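Novice: I would like the entire structure built from these sequences, with the hints used as guidance.
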Amino acid sequence: MHDTNRHNGFSYLRPALAIIVLMTLITGFGYPVLVSAIGQALFPEQANGSLIRDDQGVVRGSILIAQRFEGEEWFHSRPSAGDFATVSSGASNMAASNPALVERIAKDAARLSVGAQTPVPLALVTTSGSGLDPDLPVAAVQFQTERVARARKLAPSVIAGEVDRLTQRSPIGPDVVNVLQLNLAISALGNEDNTP
Amino acid sequence: MAWQDYCLIVAFFALVLIPAPWLGRFVHRAMEGERTWLKPILGPIEYGIYRCAGVTPEREQSWKQYAGSVLVFSALSLLTVFSLLIAQGALPLNPEGLPGLEWTLAFNTAASFMTNTNWQAYSGEASMSYLTQMAGLAVQNFVSPAVGLAVIVALARGITRRTAGTIGNFWVDLTRAVLYCLVPLSMILAFFLIWQGVPQSLDPYVHATTLEGQEQTIPLGPAASQIAIKQLGTNGGGFFGVNSAHPFENPTVWSNLFQLVSILLIPAALLFTFGHYVKDLRQSRALLASMLVVFVIGLGAALYAEHEPAPSYANLPIEQAGSLEGKESRFGVTASVLWAAATTAASNGSVNAMHDSLSPLAGMVAMFNMMLSEVIFGGVGAGLYGMLLFVMIAVFLAGLMIGRTPEYLGKKLEAREVRLLVATLVVMPIGVLVFCALAVSFASPASAISAPGPHGLSQVLYAYTSATANNGSAFGGFGANTPYHNLMQGLAILLGRFGYILPVLAIAGSLAAKTRSPLGPNSFPTHGPLFVTLLTLTILLVGGLTFLPALALGPLAEHFASAL
Chain S
1 MHDTNRHNGF SYLRPALAII VLMTLITGFG YPVLVSAIGQ ALFPEQANGS
51 LIRDDQGVVR GSILIAQRFE GEEWFHSRPS AGDFATVSSG ASNMAASNPA
101 LVERIAKDAA RLSVGAQTPV PLALVTTSGS GLDPDLPVAA VQFQTERVAR
151 ARKLAPSVIA GEVDRLTQRS PIGPDVVNVL QLNLAISALG NEDNTP
Chain Y
1 MAWQDYCLIV AFFALVLIPA PWLGRFVHRA MEGERTWLKP ILGPIEYGIY
51 RCAGVTPERE QSWKQYAGSV LVFSALSLLT VFSLLIAQGA LPLNPEGLPG
101 LEWTLAFNTA ASFMTNTNWQ AYSGEASMSY LTQMAGLAVQ NFVSPAVGLA
151 VIVALARGIT RRTAGTIGNF WVDLTRAVLY CLVPLSMILA FFLIWQGVPQ
201 SLDPYVHATT LEGQEQTIPL GPAASQIAIK QLGTNGGGFF GVNSAHPFEN
251 PTVWSNLFQL VSILLIPAAL LFTFGHYVKD LRQSRALLAS MLVVFVIGLG
301 AALYAEHEPA PSYANLPIEQ AGSLEGKESR FGVTASVLWA AATTAASNGS
351 VNAMHDSLSP LAGMVAMFNM MLSEVIFGGV GAGLYGMLLF VMIAVFLAGL
401 MIGRTPEYLG KKLEAREVRL LVATLVVMPI GVLVFCALAV SFASPASAIS
451 APGPHGLSQV LYAYTSATAN NGSAFGGFGA NTPYHNLMQG LAILLGRFGY
501 ILPVLAIAGS LAAKTRSPLG PNSFPTHGPL FVTLLTLTIL LVGGLTFLPA
551 LALGPLAEHF ASAL
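So the sequences go chain by chain: S and Y. Per full-length UniProt numbering: the first sequence = residues 1 to 196. Per full-length UniProt numbering: the second sequence = residues 1 to 564.
Hints are computed from structural coordinates only; laboratory data are not their basis. Only true hints are included.
These stretches of chain S come out as covered by chain Y in the derived footprint (C-beta under 8 Å, 3 or more residues):
#1 30 to 39
#2 104 to 111
#3 125 to 136
Since this is a predicted model, take the numbers as computed values, not measurements. By construction, the Cβ of each residue, glycine as well, lies at the ideal position given by its N, Cα and C atoms.
Specialist: Shown next as structure tokens:
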């Protein structure tokens, strides 16, 4: 006859409470702590955010997070709807049917195509999903090569060589270049040239 | 599309479909307590849990007891997460000192994670402490798919047992689903993701000085462990606000491929788990075929639409190709569309590109996948029990056509089962159409719309479809974080969860009590091409047709207006 009292809602409370507490211990603490411990031991660089430090040990960013570049001498990241904010990241969430988006793209395209360089690659006039897109498609990098070469007084072919070296090619995705990595490499080039 | 795009699509299907039979067999053995290679390691933990919880694993439950357990467990989960969210400001593991949430947002978030929806009206890195992410959200990421898995095996037992009074023990099914299926797979995926660049750290956020000298805060956290279960458990709630578009959540094309596969991995495997329960793998293959047909048609249409240049860009001096607004360079158009199709088919809801910026037709495919009540693979467990409801409806329709009592796998479907089936059919229309109509009828809720024209209606339609289907993805421009939408979305989410689970368990109970007549030459086979066609048409007509008028006013109107 014990089955009749099992219909009572309170008889479910004990297993429900116990399982929530135990699952919190196992999946809420045990699992992430175990993954953290092993992950930190195996891949310390990545587990801590793939940080980039300079010679003094100052953190200059993460290789995975886009930075704002505005100077002529840098390759520029894609435009960011969240203005490169990292807390919190954001997107424009605008559809192509939105006149505000078309207007914004038209304005940016006019600004970018000054050197009569058209068409402007899409990646340079569209904001990314995260607002922190660290990469550019190769065409969007090549579009900027001339400007960077002029500002840095480097031969465009030297820069093109760096671009080619740093292009990430994958059998399952588009060819892209990490903007931060490229800018670090180009500015290192500049330094070498300046030293006698 | 470039050759890499085709490689990605082939790799995706191969990695989902090839392991499915093996994994499905493993899940069946694990759920029935048979010996698996994990049993020696995890068995002591499993039995320890039963002892602490006062559960006798051999004592099975009637469907009412099973449903009672599901309800009490879910209510308690809701309460736990709600309390954590309200109180996080005063709790430890909060290095950024984030305050507690406003109560409607806390209710919305708790309901959303408890039901495997993971609708997020907040941004993780700006509102959730590490404690909330780990002890609140990540725990629900494990137990909410486990509830789905428990319910589908209970239904499978109901179909296979003869004149039985019980359909299993919920506490045992829940525990086994977490321990043997979700935890081990998540571990493997988490390590892979860390290797690819996803952070896994309990340190505070890092402050950096960029190359141009600006200050930049780099958010960290135990992200990889949570993202792994977010995908495998078809949860979808992002650690960071922009979800899997964030370069920390999804750093490379490889992390993208494996997360994409993880979304459909368990739902595809469960088809074979079901086949093992009913001892007929032809049933698995028939269900898989029907799902693949609908999935591939939707994917093809979305890929075609998204690779076309947007008509509104035609006169601009820019490259004429598929739009990259809201998409990441490392994924491009194809990986973004593939993700959009998979995440909406599977009730996952994570995004690697912003759905609000998709072309009208691709956005419509995402919505349509959800409107079919998430049966194209669907959520862990939830997808298959939704699919089996459609199977029974198809069998019932076939029975009407040939004038015989409908029978599924030897079980007669009678008035009681058919009434319950019909009850599940009204859940999506109420949650989507009624709630959406309410939201656009009043000025204050309608002010959450941010886009002009038909796209504005699509935003509301998408939001309530996503909530009722327990998907969780959004047209992100929709300003959902208002008390009205938080409460109504929360209700739609609960309706979409329990409006299916309770009838499904009732059907499981009443089928278990019936005798099982042997399949004879006069039985209607449910595995051949004829049945696959009938089932697919049933899904599209019974599930989809209801929403055609709404879609015509939203995405279709937007498409034709922009094409003019």
